[in-house]
Amino acid sequence: MAAQTLYDKLWQAHLVRQEPDGTALIYIDRHLVHEVTSPQAFEGLRIAGRKPWRIDSVVATADHNVPTDPTEAEIGDPISREQVAALDANIRTFGALAYYPYRDPHQGIVHVIGPELGAVLPGMTVVCGDSHTSTHGAFACLAHGIGTSEVEHVLATQCLLAKKSKNMRIWVDGTLSPGVFAKDLILAIIGKIGTAGGTGYAIEFAGPAITNLSMEGRMTICNMAIEAGARVGMVAADEATIEYFIDKPFTPKGALWEQAVAYWRTLHSEPDACFDREVALDARALVPMVTWGTNPEQVTTIDGRVPDPASFTDPSKRAAAERALAYMGLQPGTPIEEITIDQVFIGSCTNSRIEDLRVAARVVQALGRGKAANVKRVLVVPGSGQVKAQAEAEGLDRIFTAAGFEWRAPGCSMCLGMNPDQLMPGERCASTSNRNFEGRQGPGGRTHLVSPAMAAAAAVVGHFTDVRPLFS
Amino acid sequence: MQPFTVHEGIVAPLDRANVDTDAIIPKQFLKSIHRSGFGPYLFDEWRYLDRGEPGVDCRNRPKNPAFVLNQPRYQGATILLARENFGCGSSREHAPWALVDYGFRAIIAPSFADIFATNCLKNGLLLVMLPSQTVDRLFSECAATTGYRLRIDLPAQTVTTPSGEVISFAIDPFSKECLLNGWDEIGLTLRHAEEIRAFEASYRARFPFFFAQGMMQ
Chain A
1 MAAQTLYDKL
11 WQAHLVRQEP
21 DGTALIYIDR
31 HLVHEVTSPQ
41 AFEGLRIAGR
51 KPWRIDSVVA
61 TADHNVPTDP
71 TEAEIGDPIS
81 REQVAALDAN
91 IRTFGALAYY
101 PYRDPHQGIV
111 HVIGPELGAV
121 LPGMTVVCGD
131 SHTSTHGAFA
141 CLAHGIGTSE
151 VEHVLATQCL
161 LAKKSKNMRI
171 WVDGTLSPGV
181 FAKDLILAII
191 GKIGTAGGTG
201 YAIEFAGPAI
211 TNLSMEGRMT
221 ICNMAIEAGA
231 RVGMVAADEA
241 TIEYFIDKPF
251 TPKGALWEQA
261 VAYWRTLHSE
271 PDACFDREVA
281 LDARALVPMV
291 TWGTNPEQVT
301 TIDGRVPDPA
311 SFTDPSKRAA
321 AERALAYMGL
331 QPGTPIEEIT
341 IDQVFIGSCT
351 NSRIEDLRVA
361 ARVVQALGRG
371 KAANVKRVLV
381 VPGSGQVKAQ
391 AEAEGLDRIF
401 TAAGFEWRAP
411 GCSMCLGMNP
421 DQLMPGERCA
431 STSNRNFEGR
441 QGPGGRTHLV
451 SPAMAAAAAV
461 VGHFTDVRPL
471 FS
Chain B
1001 MQPFTVHEGI
1011 VAPLDRANVD
1021 TDAIIPKQFL
1031 KSIHRSGFGP
1041 YLFDEWRYLD
1051 RGEPGVDCRN
1061 RPKNPAFVLN
1071 QPRYQGATIL
1081 LARENFGCGS
1091 SREHAPWALV
1101 DYGFRAIIAP
1111 SFADIFATNC
1121 LKNGLLLVML
1131 PSQTVDRLFS
1141 ECAATTGYRL
1151 RIDLPAQTVT
1161 TPSGEVISFA
1171 IDPFSKECLL
1181 NGWDEIGLTL
1191 RHAEEIRAFE
1201 ASYRARFPFF
1211 FAQGMMQ
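Chains A and B, in that order, give the protein sequences.
In terms of my numbering, the first sequence is numbered consecutively and its last residue is 472.
In terms of my numbering, the second sequence is numbered consecutively and its last residue is 1217.
Derived from the structure by calculation, the hints contain no laboratory data.
As the structure is a prediction and not an experimental result, all values here were calculated from the model.
For each residue, glycine too, the CB sits at the ideal point set by N, CA and C.
Hints may be right or wrong, so weigh each one.
Stated by the list, open to error - Straight-line distance between alpha carbons at most 20 Å, and here's what the computed EDC-like set of lysine to aspartate or glutamate pairs gives: (1) A/Lys164 / B/Asp1050; (2) A/Lys248 / B/Glu1185; (3) A/Lys163 / B/Asp1050; (4) B/Lys1063 / B/Asp1050; (5) A/Lys163 / B/Glu1177; (6) A/Lys51 / B/Asp1184; (7) A/Lys51 / B/Asp1050; (8) A/Lys51 / B/Glu1194.
What the hints assert, rightly or not - Taking CB as the label site, the calculated pair distances span: (9) A/Thr266 / B/Arg1197: 24 to 34 Å; (10) A/Pro271 / B/Arg1204: 23 to 33 Å; (11) A/Pro178 / B/Glu1053: 22 to 32 Å; (12) A/Glu337 / B/Asn1181: 55 to 65 Å; (13) A/Pro271 / B/Ala1201: 17 to 27 Å; (14) B/Ser1132 / A/Gly333: 25 to 35 Å; (15) A/Ile55 / B/Asn1181: 26 to 36 Å; (16) A/Pro70 / B/Arg1073: 24 to 34 Å; (17) A/Gly174 / B/Arg1016: 34 to 44 Å; (18) B/Pro1062 / A/Arg284: 14 to 24 Å.
Construct the entire structure; sequences and hints are all you get.
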């Protein structure tokens, strides 16, 4: 047998059966469920008279719809309330390994709570009706986003119908410079390979710059694999991965822990494994990144300028750039540092973990003043109740509120604006989220994707600014 | 789901790359707990001049006359002609639900995003992937001819243009069978229930630590 990649190993370990045309059934270990993509799946089960195959594979929470205003004890929007109530009712009827309803101390973004509780473990197959399920690949999981029909399929059969993807490795040499973060790295990768560069591939991120990242940083990288078109992004397990899971509520204990660790140490690509495509970058060359357009590959460096659409030779990319600049209200040639902003969003499954909030708070302290007068609102939305409690124990919330930032309750919030946290038409936002699509943060809203450090700095100075001097 | 065999219909051209699922069906409509009723909100932000909200009657909303689906010549379109990486972004199945509810039976493009493609298959929406140059040509022909129609024959895996040109397309055999028969995939998978159970037993013995997670609450 040829030397296996990490993806090959995980696929093989979960392969139940395979048809001659490659269509396979893959066994699923962990099924993360939230309120938006599950109601029709549970309804489907009920209509067909089917029962969940293994309900203790399900971990559920409410995250997309929930208000983050800490004073909103009940969900005000009646349609959102109905959807969250439907999740409550479905879990009451069908059960779950664990459920964290609205305002439970552990409630939060599904991709933040899964790992922090140890409900997602290295080597697992993880699915969720959410494209950012790729996040869990940071722990050497085979994790990907699925649609609602697939949610129902996994509930009913514990399997996913899938075809094996091709293997891609993105190798990142060197280390990131101070003030340059995982977010900048993944934006640079997407800028390089494009929003469809990973379509049909499972991407393994590897190399010194990746292994030097914290688990939080690796999650940020894998989270945005889907923005490069790849359903699956992953990083090999190492000692940092194993250490992360020590004493989490759901991690195995005693002899089972030892057995698990022994297995986890095998979760890496073999040295002579073959990849269908290899891409290489040097982390030392990277600087903070800012998107200027309406998809994540439309990105440049903080010392760059808004590009001239005429500079794109590909007619499709030129047309996309023209449309993006019109939507974003930007002129070609404008220095990125001169773009002023109206709102700032620090949060989302990309960047709402404790490390992200620490970096943002450090920037605020280093700049030594509050938000700029032109910035109407700065939302800081922790990814989970646990992250919120930890940040408060460290006093980060007080640093934010003293700077005029709003300290919110956990949820997906303004990453997609399904709750009241939205941009108004024409408003420009520095956002730590993952998508700068038209209307993503509110109809007519203009999103620039950046790291938490860059977002916090923009909030204080009122326009984009290079954070590297603050970290040197 | 509705089986797909042979379909002929009016083609609507959506000439932009990287059309994301947020554009296909904006977030506010994802609050519905039902599978149907998304058609009136398909491409809501491009199609209407006001802001759409769930439950609103769209018949009286101001339409954007420049948007392709609002142009008289494309009324009744059932085939969408699109560009690269159609359906990228969010995994929301509400996107194919909205396309199907609107009346689309097939989409032709040079490439589709992975999750979107899977979701379409589960809803009987045929995705036809053709080379960029061929798609370019179909865009030109479509622009030049009012009432431009294509005939898509899934058993033969062909697209036939009004001039009689026959273009072949590829599709994997399993997806083709599912579409032709309108199969319920869960029912298909459960035919292998014994095999899944046997796999699960050996898997559990090999990886007991994945099953040791007692209920926390």
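Okay, the hints, checked on the actual structure:
no.	hint	result
1	A/Lys164 / B/Asp1050	violated (43 Å)
2	A/Lys248 / B/Glu1185	violated (36 Å)
3	A/Lys163 / B/Asp1050	violated (41 Å)
4	B/Lys1063 / B/Asp1050	holds (8 Å)
5	A/Lys163 / B/Glu1177	holds (15 Å)
6	A/Lys51 / B/Asp1184	holds (16 Å)
7	A/Lys51 / B/Asp1050	violated (43 Å)
8	A/Lys51 / B/Glu1194	holds (16 Å)
9	A/Thr266 / B/Arg1197: 24 to 34 Å	holds (26 Å)
10	A/Pro271 / B/Arg1204: 23 to 33 Å	holds (31 Å)
11	A/Pro178 / B/Glu1053: 22 to 32 Å	violated (46 Å)
12	A/Glu337 / B/Asn1181: 55 to 65 Å	holds (58 Å)
13	A/Pro271 / B/Ala1201: 17 to 27 Å	violated (34 Å)
14	B/Ser1132 / A/Gly333: 25 to 35 Å	holds (30 Å)
15	A/Ile55 / B/Asn1181: 26 to 36 Å	holds (30 Å)
16	A/Pro70 / B/Arg1073: 24 to 34 Å	violated (52 Å)
17	A/Gly174 / B/Arg1016: 34 to 44 Å	holds (37 Å)
18	B/Pro1062 / A/Arg284: 14 to 24 Å	violated (53 Å)
The structure shown violates the earlier hints numbered 1, 2, 3, 7, 11, 13, 16, 18.
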